[in-house]
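Enquirer: When you get a sec, could you build the whole thing from the sequences and use the hints?
There are 2 protein chains.
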Amino acid sequence: MTSVLEYIAANRRRFVDDLCAYVRFPSVSAQPRHAADLGRCAEWIAARCRGIGLATEVHATDGNPILVARTPVVRGAPTFLVYGHYDVQPPEPFELWKSPPFEPRIAGKNLFARGASDNKGQHLAHLNAVEAYVRTGTRLPCNLVFLIEGEEEIGSGALYKFLPKHARQLRCDAVVISDNGLPSLKHPALTYALRGIAAIEVRLDGPSRDLHSGLFGGTVDNPAMALCQLLGRMRDAKGRVTVPGFYDDVKPLSRYERKQFAGLPLDAASYRRLTGAPRLFGEAGYTHEEQRTARPTFEINGLTSGYQGEGSKTIVPSWASAKITIRLVPDQQPRKVIEAVKKHLAKLCPPTVRLTIRNGHGGEPYIVSPEGPLAQASLRALEAGFGHRALLMREGGSIPIVSAFRKHLGADTLLLGLSLPDDNPHSPNEKFNLDAYAAGTRTSAHLWPLLAAASV
Amino acid sequence: MTSVLEYIAANRRRFVDDLCAYVRFPSVSAQPRHAADLGRCAEWIAARCRGIGLATEVHATDGNPILVARTPVVRGAPTFLVYGHYDVQPPEPFELWKSPPFEPRIAGKNLFARGASDNKGQHLAHLNAVEAYVRTGTRLPCNLVFLIEGEEEIGSGALYKFLPKHARQLRCDAVVISDNGLPSLKHPALTYALRGIAAIEVRLDGPSRDLHSGLFGGTVDNPAMALCQLLGRMRDAKGRVTVPGFYDDVKPLSRYERKQFAGLPLDAASYRRLTGAPRLFGEAGYTHEEQRTARPTFEINGLTSGYQGEGSKTIVPSWASAKITIRLVPDQQPRKVIEAVKKHLAKLCPPTVRLTIRNGHGGEPYIVSPEGPLAQASLRALEAGFGHRALLMREGGSIPIVSAFRKHLGADTLLLGLSLPDDNPHSPNEKFNLDAYAAGTRTSAHLWPLLAAASV
Chain A
1 MTSVLEYIAA
11 NRRRFVDDLC
21 AYVRFPSVSA
31 QPRHAADLGR
41 CAEWIAARCR
51 GIGLATEVHA
61 TDGNPILVAR
71 TPVVRGAPTF
81 LVYGHYDVQP
91 PEPFELWKSP
101 PFEPRIAGKN
111 LFARGASDNK
121 GQHLAHLNAV
131 EAYVRTGTRL
141 PCNLVFLIEG
151 EEEIGSGALY
161 KFLPKHARQL
171 RCDAVVISDN
181 GLPSLKHPAL
191 TYALRGIAAI
201 EVRLDGPSRD
211 LHSGLFGGTV
221 DNPAMALCQL
231 LGRMRDAKGR
241 VTVPGFYDDV
251 KPLSRYERKQ
261 FAGLPLDAAS
271 YRRLTGAPRL
281 FGEAGYTHEE
291 QRTARPTFEI
301 NGLTSGYQGE
311 GSKTIVPSWA
321 SAKITIRLVP
331 DQQPRKVIEA
341 VKKHLAKLCP
351 PTVRLTIRNG
361 HGGEPYIVSP
371 EGPLAQASLR
381 ALEAGFGHRA
391 LLMREGGSIP
401 IVSAFRKHLG
411 ADTLLLGLSL
421 PDDNPHSPNE
431 KFNLDAYAAG
441 TRTSAHLWPL
451 LAAASV
Chain B
1 MTSVLEYIAA
11 NRRRFVDDLC
21 AYVRFPSVSA
31 QPRHAADLGR
41 CAEWIAARCR
51 GIGLATEVHA
61 TDGNPILVAR
71 TPVVRGAPTF
81 LVYGHYDVQP
91 PEPFELWKSP
101 PFEPRIAGKN
111 LFARGASDNK
121 GQHLAHLNAV
131 EAYVRTGTRL
141 PCNLVFLIEG
151 EEEIGSGALY
161 KFLPKHARQL
171 RCDAVVISDN
181 GLPSLKHPAL
191 TYALRGIAAI
201 EVRLDGPSRD
211 LHSGLFGGTV
221 DNPAMALCQL
231 LGRMRDAKGR
241 VTVPGFYDDV
251 KPLSRYERKQ
261 FAGLPLDAAS
271 YRRLTGAPRL
281 FGEAGYTHEE
291 QRTARPTFEI
301 NGLTSGYQGE
311 GSKTIVPSWA
321 SAKITIRLVP
331 DQQPRKVIEA
341 VKKHLAKLCP
351 PTVRLTIRNG
361 HGGEPYIVSP
371 EGPLAQASLR
381 ALEAGFGHRA
391 LLMREGGSIP
401 IVSAFRKHLG
411 ADTLLLGLSL
421 PDDNPHSPNE
431 KFNLDAYAAG
441 TRTSAHLWPL
451 LAAASV
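Protein chains in written order, with this note's numbering: chain A, 1 to 456; chain B, 1 to 456.
Calculated from the structure, these hints are not laboratory results.
You may find that some hints are simply not true.
Pairs count within a copy or across copies, as identical chains cannot be separated in the list.
Stated by the list, open to error - With a straight-line cut-off of 25 Å between C-alpha atoms, the simulated DSS-like cross-links for lysine-lysine are: (1) K313 x K343; (2) K313 x K336; (3) K313 x K342; (4) K343 x K251; (5) K238 x K347; (6) K161 x K186; (7) K109 x K98; (8) K407 x K342; (9) K336 x K238; (10) K407 x K251; (11) K165 x K407; (12) K342 x K186; (13) K259 x K336.
Expert: This is the structure in C-alpha cells:
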C-alpha cells in the first residue's frame, strides 16, 4: 500500500492534467448537437482504461455508449463495480460562468469546469487508484468493473436496458459510487441511505364550469377552498403527516445513527442560509439533518386552480388540483403509502366535490446496514484517505440507479461522495476541489483491500 | 291608462320589429372594429327617441357616444332616470349559434339575437311605454330621462366620467334599470339589493427559490401547504367565515324578506342543475336563495404555486398565492372587511413563511328599503304588467353603476329585470322572451304613475 500511496502522491499533478483533458469534452447529454462529443468523450475514457491495462469495451446503445472496463481477473476474489457517468449537465447560462465551462481553470484548490465534480473527477479518482496499483505492481485484492455511462443526466435510459441484459457479466459483491457529497474535507462521510419517493396528483371537481361568484357563490362548495382544507389536514402543527399508518413501516433511527448525524457539521444557521427560508420548520423531535434525510415528508409541489392571470376574476373555480410528492424512508413502500394516503384523502373529502387521485412515479427508499461490514470498511477507507474521522450520513434525495443495481446485480451500493457543498453541480461555475480529488484517490486505494476483507 | 295599454297591445308586433332593427347593429364594444357600428346604433336609438318627441342629445365621449333623451317637461312632477346600454357582448364562438347573432330570428315566444335581452330589449320596453303615452295623448305624471350608454360590457369608462360632469342635468328622484333577471314569467320580481365585493391577493413566501424536495424537504415549511392551512381556516364546516368581526355589520334579514324569498321558484334541484355541483353547500341556517344573495362569502378564485406542468417536479415551491374575492352584503364596508381579513390572516400565518396581501378592487353592497314606497310601487307595477304577484328578490352579483348613481345623483335604483333564466346573456343563442318584452312594456306604463305617487 505504501508504494500505491507514494505513486498517487507523485502523480498528483498528472491526475489533474488528466481530469483537465476529460472535462474539455462538452459531453452534454441533454443537447443532441453534442452527440459526437459524447462519443469522443467515451473513447477518451476507454483509452484511459486501456492505457492502464483494463479489458475495456465500449458498448453502442440506442443513445450514448456505455463503457465496461475490468481489471485483470483475480480468481476467488470478490468483485466490486464502480459506477460513474461521463455525460454532464448543460452549461447554460454561459454569461454566469467566470471562465468558459469546457476550458478547465485552476484557482487555488479548485478546478472549475462543467463536469469536474459531477461526475468526471469523482470516478476518475477511482481509476487513478487502479492505475497506482497497476503501475506499482501491487496486486489488487479483488476484481473491479468500471461501468461508466453517458445518460445519467437524462435518466439513464440506455443503462436501464443494458443492466438486465448484462446482469451476469456485471454481477458483483458491491457497487461503489462517488456521485454525491460530503459535508467538508474534515468530515468525510459514507452515505448509507437514501429517501424514496411516491408521487400523486390530487384533483377536486366541483361545479361543471367556472361559476360567477356573485350569482352562485355561497350555494356551492369552492373546490379551491375544499382542496386547501383537505390538504391542510395532511400535516399537523408539529410537522407530522396525519395519514393513519403513514409511519408504520418507518425504521426508527438507532442511537448509533443519531450519534453519527450529530457529528455532521451542518447547523440550523447553515440550513437557513442554504434555503433562504424565514425560519426552519420540520417534524418535532428530530434534528434538521434527520428531518431532511431520515424522516418521510408530504410535500405539495404545485397548486393549480381557477384564475391565475393579472387582476381578479370573480369565479368559483370548477376544479382545483395539487401535485404531491411523498419522500419515503426505509422500510416504507411507495405502493403501500400511496394507498394509505388515498384512503385518508377519500375519507376526509367532503361530498360537495369529486376527488380524483392519479398515481405518479414511485421509488423505494434505500439503505445499507450502517453497522454492517461493508459500511464499516468504507468508513475506514474514508478515514485513511481524508485523514479525518469519517461519519455515516443519509441523503434526502433519491438515486434511482441504486435500486436497479440491487435488483439486477443483487448488490448493495456504497456511496462515497467527494463533492463539497459549494461545488455547484448543475449550476454555473461548477468546480471540484483538488484536495478532495486526491483524498478520494487515496480513499479508493484503501477501499479495495478493506472491502475485500469485509466481503469474505 | 286604458288607452295606453290598448296602444301597447295594438303595437305589439311593431315593437318586435323595432327590436329586430335594433339588434341588427353588431354593437360589440369589446371589439374596436365595431366602433362605427356602435355609432350607428347610438344614432338609431336616438332617432327612435326623437321620433316619439323626446329631447335627445347624443354626447360624444372618448369612447362610445352616450345618449340622453327627455320627455316633455312636467313642472313640479318628480323625475325618473331610465338607464340602459346599447352595446353588447362579443358574439363568439359563432359556431355555437343556431342562427347568425346579428340576424334576429323568432322561434315561438323567443327572439334570438345578441343583445336581445342584454340590454336592447329591456330598455326598449321602457321607450315603448313612453311612446304609448305620447301617441295616445296621455299625460305622463313625471319627467323621464333616458340615459343609454355604449360601454357597459367593457366597464362604462365614458359614463363614469360623464356622470359627475352632468350630475345636475341628470338629477332625479329614482333610477330604473331593467338589465337583470326575473325567476319566471309567473314570478315577476323587484331586485332590491345587490352584494358588494372586496378583492385581495394573498401570497406566502418561503425559501428564496424552489428547493429540491429531496435535499431540503422536511427542514423548511412548504408555502403551498402553509397557504392551504391558512386559507382552510377561513371557513368552518358550517360554511361560516371565521374572520372575527366579519358578520358584525351584516343587516339581518327581516321576516318579511325571508318570506318573499320563500316565494321564489328556484329549489335545490334547480341550483344543482344550474351549477353542476355534486352537492350544494352553503352557510347553515339559510336557504340557497339567501346564501347566494343575502349572505357574505369568502371565495378563492385562483390558486398558484410551484410546478403546474405535465408529470411531477420534486420541489418545495418558493411561494404560493391565492386570489380571493369576498362578497359583501348590506351594511358591510369593503375597507373594513378587508382590514378584518388581513388582521386574521396575519394572526394565523406561521413565522415560517412571509405573508403579503395585495388589495384589489372593492364595491359596496346595495340595498333599497324593501318595504319603502318606491319598492312597493315597483311591485305593484310588476303585478299589473305581468298579471302575477310580484316578489322581492336580491341578486348575488354587483352592478357597480348603481352605487355611482347614488353617489352622483343622490338617487336609489329600482331593478326591474325582464330577462328569464334561460335567456343566455353573454352566451351563444342569447334570446329575449317576447311575452316578457310585452309584460315589461306594460309594467313600465304602470310604473310611472305609481312611482310618481310614491315620490310625493
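Enquirer: Any hints this thing doesn't respect? Which numbers, in order?
Expert: Violated hints: 6, 8, 12, 13; rest satisfied.
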